[in-house]
Amino acid sequence: MSINATLIGQAIWFAIFIWITMKYVWPPLQKAMADRQKQIADGLSAAERGKQEQEIAAKRSAEALREAKEKASEVIAAAEKRAQQIVEESKGQAKVEADKIVAGAKAEIDQEVERAKQQLRERVAELAVAGAEKILKKEINAAAHADILGSLKQGL
Amino acid sequence: MSAEGGLTTAGYIQHHLTNLAVCAESAKIDGHCHGFWTFHLDTLVISGLLGLLAFGLMAKLAGKATSGVPSGWQNFVEMVIGMVDQQVRDTFHGKSALVTPLAITIFVWVFLMNAMDLIPVDFLPLVAGAFGVHYLKAVPTTDPNLTFAMSITVFFIMIWMNLKVKGFGGYMHEIFTAPFGAKLAPVNFIFRVVEDIAKPISLALRLFGNMYAGEMVFILIALLGLYQLPLALPWALFHILIITLQAFVFMMLTIVYMSMAAESH
Chain A
1 MSINATLIGQ AIWFAIFIWI TMKYVWPPLQ KAMADRQKQI ADGLSAAERG
51 KQEQEIAAKR SAEALREAKE KASEVIAAAE KRAQQIVEES KGQAKVEADK
101 IVAGAKAEID QEVERAKQQL RERVAELAVA GAEKILKKEI NAAAHADILG
151 SLKQGL
Chain B
1 MSAEGGLTTA GYIQHHLTNL AVCAESAKID GHCHGFWTFH LDTLVISGLL
51 GLLAFGLMAK LAGKATSGVP SGWQNFVEMV IGMVDQQVRD TFHGKSALVT
101 PLAITIFVWV FLMNAMDLIP VDFLPLVAGA FGVHYLKAVP TTDPNLTFAM
151 SITVFFIMIW MNLKVKGFGG YMHEIFTAPF GAKLAPVNFI FRVVEDIAKP
201 ISLALRLFGN MYAGEMVFIL IALLGLYQLP LALPWALFHI LIITLQAFVF
251 MMLTIVYMSM AAESH
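As they're listed, the protein sequences go chains A and B.
Residue numbering for the first sequence follows the working numbering, beginning at 1 and increasing consecutively.
Residue numbering for the second sequence follows the working numbering, beginning at 1 and increasing consecutively.
A portion of the hints provided could be inaccurate.
Unchecked claim - When the alpha-carbon atoms are kept at most 27 Å apart in a straight line, the in silico DSS-like pairs for lysine-lysine are as follows: (1) A:K134 / A:K117; (2) A:K23 / B:K60; (3) A:K23 / B:K64; (4) A:K69 / A:K81; (5) B:K183 / B:K199; (6) A:K23 / B:K166.
What the hints assert, rightly or not - Residues on chain A that point at chain B, a partial pick, calculated with CB under 7 Å: (7) A5; (8) L7; (9) A146.
FYI, nobody ran anything at the bench for these hints, they're computed from the structure.
Each residue gets a CB set at the ideal place from its N, CA and C atoms; glycine is no exception.
Could you build the full structure based on these sequences and the hints that come with them?
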């Protein structure tokens with residue numbers, strides 16, 4: 001256990017190893033580590049940016065959704081209104097139509113009645129004439145008493 | 001394992017604490033090497049192999065390093081190096097391409113050499129003995145030659161850093177005027193010398209002392225025969241903390257010394 005020439009040998013080893021580390025170990029590793037640090041920092045900032053963009057997009061989509069909902073409810077309200085209108089319109093039309101039909105039918109009925117009355121009048125006159133003929137036999141001429149018959153007709 | 005082959009307890013401990021030394025035949029006394037021109041082969045080879053393995057693999061990994069998702073080993077190396085780099089950033093505020101690699105080298109290398117302590121104390125010497133190598137001290141950081149080699153290298157880098165940042169004039173001015181001003185230049189100089197000499201000595205002796213003591217405890221536990229089993233594991237677990245801490249302390253103090261060298265008082 002004494003100091004001897006081993007000292008010189010060890011110093012040489014030490015110098016060699018410092019040189020290896022300085023030349024071949026430290027620079028490439030330092031570069032790799034620094035590069036990675038930069039990559040990680042870049043990745044983190046990119047992620048941050050992506051997050052912000054995503055938030056903006058989410059806000060935008062919520063906005064769009066809200067607008068679409070509003071529009072949809074507007075459309076539905078308009079459609080309902082229109083449907084109501086159509087129903088009202090068709091109700092009115094139906095009523096008009098029905099009135100028309102009823103009126104037509106009434107008119108026809110009146111006409112029928114009138115015609116029936118006319119016929120009846122004519123028939124009554126005939127019947128009266130026939131009755132009178134039968135009662136009066138030949139004494140009474142239909143032509144001679146036409147004015148009386150006419151007034152009778154009017155009296156009906 | 002208790003003393004084997006007729007070894008006494010003292011002999012067993014002594015055996016474990018002796019380096020595999022080589023020197024010229026003329027420098028040997030009683031078959032043992034003496035004098036400065038002795039090399040501890042075990043320290044040199046084990047520390048060298050560990051360093052070549054670790055830094056070779058790290059260099060290979062770093063060459064393939066991607067800035068994408070790191071694979072398992074790259075992740076691990078980046079974690080260690082990122083930790084060291086963070087310490088350097090927190091402490092050293094100057095600009096230097098040397099300080100971080102220096103800190104990485106110290107932390108990784110010292111940690112691995114300290115970790116040799118966790119291999120059972122008799123394992124490597126027995127393997128080496130099977131190949132005819134009779135002495136082997138497996139933990140290089142228990143050799144003061146290694147810790148002093150590192151701390152003296154750090155010391156010279158520190159002086160170089162001073163000269164580079166402040167220039168020769170600025171450095172001399174600081175040595176002779178801080179902290180008491182120009183009137184007490186000799187006192188300042190003596191203070192500075194003591195301060196700077198203390199740095200490599202404390203750095204080297206701290207690491208050496210901790211590792212040597214830890215190794216010694218492992219050896220003593222190994223002497224207990226069967227009773228070593230419940231003791232060696234907790235001490236090894238506790239030692240994981242020490243080896244990491246010592247590697248960290250050596251690295252941290254080096255960074256602090258570098259930052260002191262790079263900043264004006």
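A quick look at each hint next to the structure:
no. : hint            : in the structure
1   : A:K134 / A:K117 : holds (24 Å)
2   : A:K23 / B:K60   : holds (12 Å)
3   : A:K23 / B:K64   : holds (14 Å)
4   : A:K69 / A:K81   : holds (18 Å)
5   : B:K183 / B:K199 : holds (26 Å)
6   : A:K23 / B:K166  : holds (25 Å)
7   : A5              : holds (5 Å)
8   : L7              : holds (5 Å)
9   : A146            : violated (132 Å)
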